[in-house]
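Listed below are the residues making up each chain.
2 protein chains.
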Amino acid sequence: MKIPRTIEWVDGKVRILNQLKLPYKLEYIETSSYKRVIRAIKKMEIRGAPAIGVATAYGLALAVTKIRIKNLEKALKKLNSIAKEFMESRPTAYNLFWAVNKILDAAKTAKNVDDLKDIVVKKALEIARLDEECNRKIGEYGEKLIKDGGRVLTICNAGSLATSYYGTATAPMYRAWEKGKRFEVIVMETRPYLQGARLTAFELKQAGIPVKVITDNMIGIVMRKIKIDLVVTGADRVTKDGYVINKIGTFPLSLVAREFSVPFYVAAPFSTIDFNSTIDDVKIEERDPKEMLYIFGKRIVPEGVGGIYFAFDITPPDLVTGLITEKGIYKLPIKI
Amino acid sequence: MKIPRTIEWVDGKVRILNQLKLPYKLEYIETSSYKRVIRAIKKMEIRGAPAIGVATAYGLALAVTKIRIKNLEKALKKLNSIAKEFMESRPTAYNLFWAVNKILDAAKTAKNVDDLKDIVVKKALEIARLDEECNRKIGEYGEKLIKDGGRVLTICNAGSLATSYYGTATAPMYRAWEKGKRFEVIVMETRPYLQGARLTAFELKQAGIPVKVITDNMIGIVMRKIKIDLVVTGADRVTKDGYVINKIGTFPLSLVAREFSVPFYVAAPFSTIDFNSTIDDVKIEERDPKEMLYIFGKRIVPEGVGGIYFAFDITPPDLVTGLITEKGIYKLPIKI
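Going line by line, the protein sequences match chains A and S.
Sequential numbering of the first sequence, starting at 3, is according to my numbering.
Sequential numbering of the second sequence, starting at 3, is according to my numbering.
If we strip away everything but chain A, and leave its shape as in the complex, we get:
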């Protein structure tokens, strides 16, 4: 099975699959410069919260291996200042800060500069490995929900391209396929950035899983006319009261799924669950409407007409059949 790997540590260099070129070109960025990694994050050549976390960790590992200072304290200071550069690259990316903290915490235990380099590189590799392990466990729990000969529907890209490897929403699909089940996946194109059409379709095709794309507004008629056995989406955040914050379009999808009695699952690691916030604490990001008023650089509305662009949707717990995590499948809200 050829599931694309979006980021890799290869012989002391970082290799990033340029997502801006997908699905038109398979182009890799190979670099030993942490500044190039920051540029890749800024330009969205790499995207998806877990993937950005891994890119940050690898970027700091690149930076630390090039430090020529012999004094540990000064080397740590240098690392901290580079970490700050990463934190300024995409200020809303939660996983980016999380990765920076993991690396800096580990760095504090270093006894000398050589030790520091060793520790940071190891930690970065561990962050990537743990992300992949989580996803593989999600796949193990989730694959049971996929019927041999069935049909799965998903939105956006919560796939291998958005994580270290294997994806979250895609993990049950990959695992089921590996186990020999055969099924078809329907992907919503996911306006405005078309991550479903461009990225999820790309990685499923690479993996050899049959995939078809629909426009986002087609969910109702597709579920009425074609049997869908399962909906799986990713999540950007799950609140302690069980609300799922995910790509716009997720909530109407959950309503349509309920209407046709199709199980609606969300796949996400425990790290996505925010046990400190309820839905009332969450501010839904509003972005510049320009990002949806133009497609491929061409304006789709008359001059002088504006738009509204909420980037995320809110899905209440009663519409979610279950949350597939690395520890098992849970009803929302999770009681702990």
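Simulated from the structure, these hints should not be mistaken for lab results.
Heads up, a few of these hints could be off.
Same chains, same label: a pair holds when it works inside one copy or across any pair of copies.
[Unchecked claim] Below are the EDC-like pairs computed for lysine to aspartate or glutamate, each with C-alpha atoms no more than 20 angstroms apart in a straight line:
#1 K329 to E142
#2 K227 to D282
#3 K214 to E287
#4 K27 to E305
Model the placement of chain S on the given structure of chain A, informed by the hints.
Same frame as chain A, now just chain S:
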């Protein structure tokens, strides 16, 4: 109020607002050739079922005025053969056949060729006038549903551009605005052809009504975050058991509206109601997926990945608050 007129009979010529150029250019096609009208229908320079009906009627009027034959029977034969050319231009357009029949029925009453010319032109003008009258009545009944200071949401273009004038879903908006009510309209972009973003936004802006565009997948979060007072859509067909066949995206929209207790109305003339069919008789048109896999000529999915393209959605009667017609507002299904 400057509501755009999509087709007009001016001094024995037909003037068509070229919808392919909207919203980028306001370009008119002025012609005395019926063949040019057929081309406009085929190329979708004019679209919208009622507008196509009017174009057909005017096209036949152009054709008949140019007939040089003195023999009535031969002239009628000629008219019939031209009518056939129209019927082959867009084989699924119901209003096109309806207009052809109206014209041919009227033509049968002619006493001589001059009389025939007179009758056909008059009938064509009458078809356009009656369509506009229907819409104005829909506006009169529907405007009561619009709150001063409120916000209305619509999908696709069931506007003046799709009809003789004034539109169906837009009629209540235009009438309310004429009466001095002030409100904002939110339009779904309506993939794949973006009629909401390109056409409805265009005509509302022309009319001076504030309008904002959203992506189709944004309906849930918009109704959660911004107060919507009313949803109005058009309809391509209403079955005798009360199902509404309309643009894809209409059904998820009706579900979201119910979830947030927003009244969901459909505006359509009685001629849209098919009292001969139930929903089980209706075949939902599946079109070439290419039409949604490319945007502005650019492919949005990887090579080798296909799509599904259902052009219409099915909304059950229990999700429709009311059907706004030229005879008043009805609960679905209509009992007659």
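Taking the hints in turn, this is what the structure says about them:
| no. | hint | in the structure |
| --- | --- | --- |
| 1 | K329 to E142 | within (10 angstroms within a copy, 59 angstroms between copies) |
| 2 | K227 to D282 | between (37 angstroms within a copy, 12 angstroms between copies) |
| 3 | K214 to E287 | between (29 angstroms within a copy, 18 angstroms between copies) |
| 4 | K27 to E305 | between (33 angstroms within a copy, 11 angstroms between copies) |
Taken one by one, the earlier hints all hold for this structure without exception.
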